[in-house]
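Given next are the chains, with one letter for each unit.
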Amino acid sequence: MTTTDLGMPVSGLQHVPHLPDGAAKQTKRDFTSDQEVRWCPGCGDYVILAAVQSFLPELGLKRENIVFVSGIGCSSRFPYYLDTYGMHSIHGRAPAIATGLATSRPDLSVWVVTGDGDALSIGGNHLIHALRRNVNMTILLFNNQIYGLTKGQYSPTSRVGQVTKSSPLGSVDSPFNPVSLALGAEATFVARAMESDRAELTTILKAAAQHRGTALVEIYQNCPIFNDGAFEVLKDRSQQEARIVRMRAGEAITVGAEDDRKVLVRQGSGVMKFVSEAQAETGEKGAVVVHDPALDDPSQAFQLSRLDTPEMTHVPMGIFRQVSRPTYDDLVRAQVTGAVDAAGGPAGDDDLAELLRGRDTWTVG
Amino acid sequence: MLGSYPITPASDILHALSSMKRHGVTTIQAEDEIAGIGIALGASYGGAIGVTTTSGPGIALKSETIGLAVSLELPLVVVDIQRGGPSTGLPTKTEQADLLQVMFGRNGESPVPVIAAQTPADCFDAAMEAVRIATTYRTPVVLLSDGYLANGSEPWSVPGVDELPGAPVELASAPNATDDQGEPVFRPYLRDPDTLARPWAVPGTAGLEHRIGGIEKADVTGDISYDPDNHDRMVRLRQAKVDGVSVPDLEVADPSGDARVLVLGWGSTYGPIAAATRVVRNTGAAVARAHLRHLSPFPANLGEVLRRYDRVVVPEMNTGQLALLLRGTFLVDVRTYSSVRGLPFTTVELADVISSTLEEVR
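If you read the sequences in order, they're chains V and P.
Taking my numbering as reference, the numbering of the first sequence is continuous, increasing by one, and the terminal residue is 365.
Taking my numbering as reference, the numbering of the second sequence is continuous, increasing by one, and the terminal residue is 727.
Derived by calculation from the structure, the hints in this document are not laboratory data.
All residues carry an ideal CB built from backbone N, CA and C; glycine is no exception.
Honestly, I wouldn't trust all of these hints.
[What the hints assert, rightly or not] Covered, in the sense of this in silico footprint (three residues per stretch, anywhere, with C-beta under 8 angstroms from a C-beta of chain P), are these stretches of chain V: (1) 102 to 111; (2) 340 to 348; (3) 351 to 357.
[Said to hold, decoys possible] Beyond 10 angstroms from chain V on every Cβ pair, some chain P residues (computed): (4) 373; (5) 537; (6) 726.
Hey, can you work out the whole structure from these sequences and the hints?
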């Protein structure tokens, strides 16, 4: 087997040109295009757009080296509103197009904007293969658990029983858990954020952009027209503390307010469970789980992803997994540059002539 | 960059190109046919020559992305090594039945240039021509071959490197217009007046940041537009661009100059047709022969050529697809000679067809 040594892991933005020292600082306005934003009033997409436009200047990249590729759906209008390069492609195919772009152009910061229908239904194949290949790109998956642009059919993340235009008696489709799916597809960076928690979203976006490889960020996003309040229990201040599990690397995984805090332990059977702080201290119910997204074995991250239930009793937020693995595009380019170097440099006319002559030539006359 | 999914009889192109890394060729074996063309289109967007290779069933899957490339107006080469169909059909057998699929098998008015290779050796020149058209006109181009050519071989006169036609490409590097205030701006759909090609501005080019997509775009600015007149204009502009692709006139071989019958073919039937006309001419009869490389757009003189003869015979390994196009385009009668057996025509078979046609016009 031939392996290619890529050396030390590098940032996802390693080969992307940065602004020179002393250059004028970019602002949100620099990343705002002249197009009128056309989402419904109250759509969660506005909040995500504002967060991304505000965050991009922090990367310090040359704006022309940033590309947003999207598929089809409400979320996929995103590229039109960013003053970067952008392509609004076709339904589900953005990860494939981005793979070709990222592999041919290491100097670009490539982003995919997609939704639950786009990424998990019609484009499911491209998503899982981008993740397993670990192409250097960041995928923002807006999950509103509904088809919005087509006006309200159940999606692959809709709850069982959800009544929609196409499921008047309730959906009988079992939903995907996007984080579990991504982990099963060998993703090297998987995170979840709420559209309404801008600070946390920004932190995750930053980590995702820096990650070398495919970073998948699931963003819970409210559709006020066709699935309003899907994440209300997580936004409601009286409930969110008891439901949102904020994962922090190196720390125990807890949920609940200070006076009613629960701690995640792993029982002897391997099952994870939240117990009281007192029980956690004695260890009687199992060993306290310490969050470590850098674990090479994805089992713990997968277990964490399964804490999530349709009732949203406990919903983990943050980075599930962040590990280093050679990226597909780096390996592909290394094979090409390796072949070119081994031959003593880029092919010239003589090399082309040799290629044309091939192995079985003769001279006539 | 090649994006491709394994399929008979096209996989050998993937195999061959994947061993040409030394020449800067990148190949990606995609997860499916749709990803294969998506990868190629993504590479084209980034400034590479994006190529995807497949056979008929793969074209069916790639259709939506070909349509996107028509809308984005980016260069792309789509190679269809035709095999027996429909469905899985006869994967290892030859056929010419994808012509109408590549011409019309997409939603909306979605014109693309189509060219066909004639012989194994001609595949080289046909591929160069496909790249020339794709890069000059910023359009997806379909290159048709078939199982007979793909598995055939013949002596090939090796061209000198300096004889090869270049495919010079000028990427956009600066604004191409001014706005109302006189400020320089970039208009991604402002066309070259000669070729009607739009500028190819690749990511990484400062000052030319813009957004493109499959939604109808406003002429010149490329902004999203639902304006009825604009859509009508864009549909006609895309068609006019393809119609305006420079194509050499069709050459007719009629050694005696007396022929009243023309045999017109396209693609891999070149060899059998050439052999059959030779056989007939050797009996002292006059018959003209011509072979179409460009199927979209047709050569400008094609209508005149067709009307010059009392009979036009079109042998095809389908049930008459080129004949349908010729009748619809030129309002002329052409006779289909059709055989769809998964096998190439034989010389004897075609010589008989030509001879009996000559009898009719005698």
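Hints versus structure:
By the rule of at least three residues with a Cβ nearer than 8 angstroms to a Cβ of chain P, the coverage given for the segment 102 to 111 of chain V holds, with 6 such residues. Counting residues of the segment 340 to 348 of chain V whose CB falls under 8 angstroms from any CB of chain P gives 5; the rule of at least 3 is met. Counting residues of the segment 351 to 357 of chain V whose C-beta lies closer than 8 angstroms to any C-beta of chain P gives 6; at least three are required, and the coverage claim holds. Residue-level check passed: residue 373 (chain P) sits 21 angstroms from the nearest beta carbon of chain V, beyond 10 angstroms.
Non-interface call for residue 537 (chain P) relative to chain V: holds, since the shortest CB-CB distance, roughly 12 angstroms, exceeds 10 angstroms. Listed as outside the interface, residue 726 (chain P) is consistent with that label: its C-beta sits roughly 40 angstroms from the nearest C-beta of chain V, beyond the 10 angstroms cut-off.
In the structure shown, no violation is registered for any of the earlier numbered hints.
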